[in-house]
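Taken in sequence, the protein lines are chains F, Y and V. FYI, the numbering for the first sequence is 1 to 703, going by this note's numbering. FYI, the numbering for the second sequence is 704 to 1002, going by this note's numbering. FYI, the numbering for the third sequence is 1003 to 1313, going by this note's numbering.
Check before you lean on any hint, since a few could be wrong.
With the C-beta cut set under 8 Å, the calculated list includes, among others, these residues of chain Y facing chain F [said to hold, decoys possible]:
#1 R895
#2 A899
#3 G905
#4 P918
#5 N919
Worth flagging that the hints you see were computed from the coordinates, not collected in a lab. Virtual Cβ for every residue (Gly too), placed ideally from N, Cα, C.
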Amino acid sequence: MNKDQAPVLICKDLCISYYTRAGEIPAVVDFSLTVKPGETIGIVGESGCGKSTVAMAIMQYMGANGGIKSGSITFKGRDLTQLSERELRSIRGAEIAMIYQEPFASLNPSLKIKTQLMEVPLAHENISKDEARQRAAQMLSDVNLPDPERMMESYPHQLSGGQQQRVVIAMGLLSNPSLLLLDEPTTALDVTVEAGIVKLVADISKKFGTSQIYISHNLGLILETCDRVFVMYSGEVVEEGTIDSLFTWPKHPYTHGLFACIPLPTADKNAAPLKPIRGQLPLPFERPQGCYYHPRCDHFKPGLCDLERFKMVHVENSAADHRVRCLRYKEIDHHREVPGGEAKEAIELGKRVLKVNGMKKYYEVRDSSLRALFAGKRIRQVKANEELNFTAREGETVAIVGESGCGKSTFAKVLMGLETSTAGEVRHNGKEISEVAVRDRSAKQISSLQMVFQNPFDTLNPSHSIGGQISRVIKKFGVETDKKKIFDRVMSLLDTVKLPRDFYFRKPRQLSGGQKQRIGIARAFAGNPSMVIADEPVSALDVSVAAAVTELLMDIQREHKTTLLFISHDLSVVRYLSDRIVVMYLGHILERGTTEDIFAPPYHPYTEALLSAVPIADPEVTKREIVLEGNLPSAMKPPKGCPFCTRCHRRIGDICDNDLPPEQFVVDRHIIKCHISLEKLCLVLPVITVPDVSERLHVEQRE
Amino acid sequence: MLITTSTTEMPTAGYGAAFLRALKSFALLRESWVGMVGTFLILFWILVAVFAPWLAPFDPNASIQPFAKPGMEAAKISGTFWLGTDHIGRDILSRVIWGSRTVLIYAPLATLCAYTVGILMGLAAGYRGGWVDDVLSRIADIILSFPVLVLYIIIIATIGASGINIIIAITFASSPGIMRIVRGLTLDLRNRDYVAAAQTRGESDWRVMIVEILPNARGPLIVDACLRLGYVIITIGVLGFLGLGLPPPDPDWGGMVNETRQMAMAFPHMTIFPCIAISSLILGFNLLADGLREISLRD
Amino acid sequence: MVTLVVKRIGFMIFTMIVVSLILFLLLETKLTGDPATRVLGQFSSAEQRELWREQHGYNQPVALRYVKWLGNFATGELGESIRFKGPVADVMFPRLWNTAILGFVTFAIMIPISLTLGVLSGMKEGSMLDRTISVFGIITTSVPEFASAVMFSALFVFSLKWLPGTSSMSGGFEFKQLILPAMVLIVYDFGYVARMTRASMAEVMTSQYIRTAVLKGLPYRSVIVKHALRNALIAPFTVIMLQINWLLSGVIVVEFFFAYKGFGALILEASLNNDIALLEACAMVAVCVAVTTQTIADIGYTFLNPRIRFS
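Please build the complete structure, drawing on both the sequences and the hints.
Right under this line is the structure:
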C-alpha cells in the first residue's frame, strides 16, 4: 500500500436518488470516500443503507430511474459522471471490475467458461485469441481453481458455488483493473467455502496490487479483509476509520450499537445478552431532522441532535482519518456502559424430552441414464441422514450445525412428520414419532412440536391477514374454540412478540422481514409447544433485526421452558445461544457435545475447519487459519468411509477412505467420530483464542 | 407501541369486505390506459347485452318485408336500418345487439367450467405429484396434441352441435392448457414455507391446495382468464362461421358471417359489422389482460 | 440425452396409439351413435343399416375390428371416401401438399418478421417501438381469422380489386391466389410469436448475466448477439415449432373461406358430410404432424439448453 501515490477513486459529497412514480427517493445522501492504490476499503451497513447503490453509481449503471443528484466520482483524475458511453465501456472491465452477490446468476448459462473469460482481455486489449486463452487459464490457477483446462471447457452449472465465484473473480482480474468492487460476494455461499473466497480476496491486493471496495453487512468479514472501513446508516457515512481504530474504539452510537448486536465470543445469553437497537430504520422519505439516527440513539440530546444536518468530524487523539458524524462523541463514554444488555436468569433444565436413536433417512432416486439401466442400478439411495443419535432436555437449546447438504433440513422434516424415517427411532415426550406422518398424529402431538421457518418472506401466506392465519393455528390445535377467546389469544400472542395489536388486520405485504419473523414465532408458539425447531430463523435478517428476534426467542423460551432445536450454519449465533451442539456433515453426526466442549479442543477436524471459517468481529480474538481443499462429494455417491475424507486436512491414510470412523467418547455426551486417536486430538491447539478481559486493549485505554 | 385497549374490534366476516376489495382493485386499473380501454370495451358490450331488448329496434329473427323476397336488393345502410339488413331481410343492428347476448352468456360459462376442471386437475397434479401427476399430465398431453380446431370438429361431429355441447367441447379442449398453467404455479408455490407450515399443522391436502396455494396463484390466473375468454369467444365465432356452432336462427356473430358470405361482394355490410363486433369484444379482453399484466409487474 | 430422445419418441408412439383408440371409439363404435345412421342418414331403414353394417364388417368383435383397422392404417390402406368416391389416400395427399405450400409461404414471411420485431421490442422495453409493436400485436390477435379474411377481402378484392376472391387454383398454380390466405394467417400469428419473443428477450435483458456482460465493458452488439440472443431465442424456437400445430387449425378457416383445396378444408368437408374414413385418416395425420412437431420442439429445447444437455 503506497500512501503517497495519488488516490485511485475519490467520491465527494455524493447524493444519489431514484426517481419513481411515487416521487424522488434519496437513496444516498452525502457520501465521501477515498481509495488509495492497493488499499482495501470496506463499506458496511444494513439493508437500505445505500451501499449497493454506491457501487452501482461508481459503475455508472443505476438503471433507468436512478441518478446522481450532486457530487462527483473521480477515477484516476477523470470524472466518471461526465464520460460518454464509449469511454465508460473502456473503463468497465479493464480499469474497474465488479464481483456480484450471486455467482450463478451472474454467469451466462449458455456460454462456456473460457468464452466468458477470454472476452474480457479481447474486448479491451489488442491481443490474439491464443494469448487470451493462456491468460485465462493462468488466472484460473491464480485463483486456486484445480484443473484449469477442464474448467475452461465447462458450463457454469457444472461448477459449485465456490468455484463459480472464483471464476467471476478471475473474470474481474483478467485485465488488471486498478479497482475491484465486491458486492457481498460470499452471502450466497457456505461458511467453509466463504472462508476460501475471503482469503482469496484478502490476498488480491498483495498479489495484484488492486484496490478493492468490499461491501458487506458482516463486520467479521470486513475485519478479515479490509484496511479501512466506512459504516453507513440510512444513506450516509456515520463513521470511518482504520480497522484497528474503529473496531477497538467505535465512536458513533450506531457503530457501537451494531457491535452490541453481534454475538461476539464475549456475549452470553444469560449474563451478557445481545442488546438490540430499538426502533426501526427510517424510510427514505421519512428521514428525521438533524441526525438520522437520533430517534434510536440512547445518547440523544433534544435541541442538539435534532436540529440541523452536520458533517463528519475528525476524532481527536485517534489514528489518522478516523472520522465520525456525531456531535456528542466526546461526551459519550461507551466503556462506562455495561457491555451487553441486562443479565437474565438461566433456565433450569428439566427431564429428557427428545431421544433420537440410530435414525436413518434414505431417499430413493431414480437414475434414468442409460448407464444405470445397463448396470441394473436404476434406483439409488440418497443417504440424507445416517445413524443419528442424540438427546435433548426440557428448556435446553440444542443447535444443529452444518452446511448445505448435511441433512439438517431432512432431520427437521422427519421430526415434523413431513417425512418418515427409514430406520431407527425418535421419541418425543416418550412417544415414537419418526414413523408417524403428520396426518396420523394427534392434535396434541402436533401442537407440542412446531417449527419456525427460515425465509421470513415466505413464512406467511401473502393472501391472508395476519390475524386470520394465527387464528387458524389456534383453532386447528384446539387450544381455544370460542371465537372471542381465540381473538383474545391472538392479541396476547401479538403482545408477546412485541407487535402492535392492529397488525391483526394487516397483510404480510405490509410488514418488514423482522416483523414477519416475529409473527412466525407467534404462530409456532400459539399452541404452547414443548419443543420448537427453528430452522435458520435469523439468517435472512439484518444484524440489528436478527438480534431483536434472537432475544425475543430467548425470552419466550425462558418463559415457557420450551426445548429449542436451533438449526444454523452460523457458529457465532450458535455459540451465543445454545447449550449443546450437534455438528453434521453429509448426513452423519461428526461431533456432539456441550458448547464449551465443541469450542475447545479436542475437535473433530471438520469442527476445527468450521470454527476457523467463522468471521469474528473482534480484532483482539486470534484464529488459526484452516482452509479446506477438495470438493463436497455428491449425496448420491458418498465416500465409503468417513464422509469428510475428501476434504479433511488431517486425513491419516486409507483407513479414512475405507472405514467408517468409530464414535469416541471424550466425556459423557461429548462424542467425536474420527479415526484419529483422542490423545492426538487433545494435543491440537485451540482455533479461537479469546483474550481475557484484563488483557484487552480498551481496558488499558480507560486507565 | 402497543394498543392495549379492548376497542380493537373483531373482524366482521368477509363477503361484503371481499366485494369492496374487488372494487378497489378495479381502481388500480386506472394506472394502465391499455387496461382502461379494454375494460371500457367489455363494459360497453355487457351493457349492450343486458339492455338488448330495449336497444334493438327490431326483432332479430323477423324478416322485414319487403326485403325478404329473393332477388330484392337488401336494404343498404339507411335511417331505418342503421346497419342495413341481411339477405332475408333481418335487421343487422338488432342481430348484432342480440348476438352479444349469445356470446356473453356462453363464453364466460364455458370458461368457468374449463377453469374449474383445469384448476382441480392442476392443483392435484402439481401438489400430489407421483402417479397422479403422471396420469393427468399424459392425458393433458394427449388432448393437447390435437390441433385445436380438429379437436372441436371431431367432438362436434360426434356429439352434435348445441349450446350445451359447445360448452362441453370448450371445457374439454381448454382444461388441459389451464391444468398445465395451474400445475406449474402449484409446483412453484408448494415449496414455500407457509405451505410447509400448514402441512406441519396437519392440514388436509385439499385444504392446503385451495386455501394456501390457490389464492397466491390468482395473479397469473386472472390474466390468463381474460386471455382465454377472448380465445373462447374466437372459438365460438369460428365454430359459428364453419357451421358447427349454435343452430340457427338465433343470431350468433360467426353464424351471421357464414350465412351472408356469398353476398359479400355486393353487400359487404352484412359480413363486416359482425366482424367488427366480435373483434372489438375480443380486443377488450386482450387489452384488459395486458393491462392487468402490466400492473402486476409493477407491483 | 440419448435416453431423452428415445423416451420422447416412445411417448410419441404411445400418443398415436391412444389417439387412434379414441378416434376409433368415437367414430366407429356405437359409443356416440350408430355409424350406419350417421352415414346413411336418419331416414334410412333398419334393414339398410343392418346390411351396411354387415358389409363393412361392423358386426365383428370390437377388439378385432380395432386391430384390423389399425393394421390397415399402418400399411397405408386408408379406406374409401364416401364424399369423393375414391380412395382416401388419393384425395388426402395432394391436399396435404397444398396446405404445406401455404404453410411454407406463411412461415417464410412470418417468422423473420416476428422474430426481428420481437427482439427489437424486447431490447428496448417500454420504448415507443416496443409499445407500438405490442399494441399492434394485440390488435391482430384479437381479430379472428374469418373476420380478417372478410375485411381483407372487402379491401383487396372488392374495393381495390387487386387480388382474386377465391383461391381454388382451377387454372393451375397461381401465386396471386396464395396471397390473401397467407396474409390472413401471417397477420394473426405474427402478433403471438412477436409477443412471445419480446417477453423472452425482455426477461433475458433484465437478467444478471447481461449486467455482468455490460459491466465487463463489452461492446453493445456483442452483449446482444453473443449473450442475450443465445438465451432469448430458446423459447421462441419451441413456440415456432408449436405454431405448426396451430397452423393445422388456422388453415381450416382460411381454406374454407377462400375455397383453397387444402387439408384443412378437407377435414371440414369430411366432418360435415359424415365421411368417416376420410375424417379418421385426416385426424390421424393431423395428430401425427402435431405430435411430431411437439417432440421435435421438446428435443430441440433440451438440446439448446446446455443446463440440461450436459447435466
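Results of checking the hints against the structure:
no., hint, verdict
1, R895, "holds, 4 Å"
2, A899, "holds, 7 Å"
3, G905, "holds, 5 Å"
4, P918, "holds, 4 Å"
5, N919, "holds, 5 Å"
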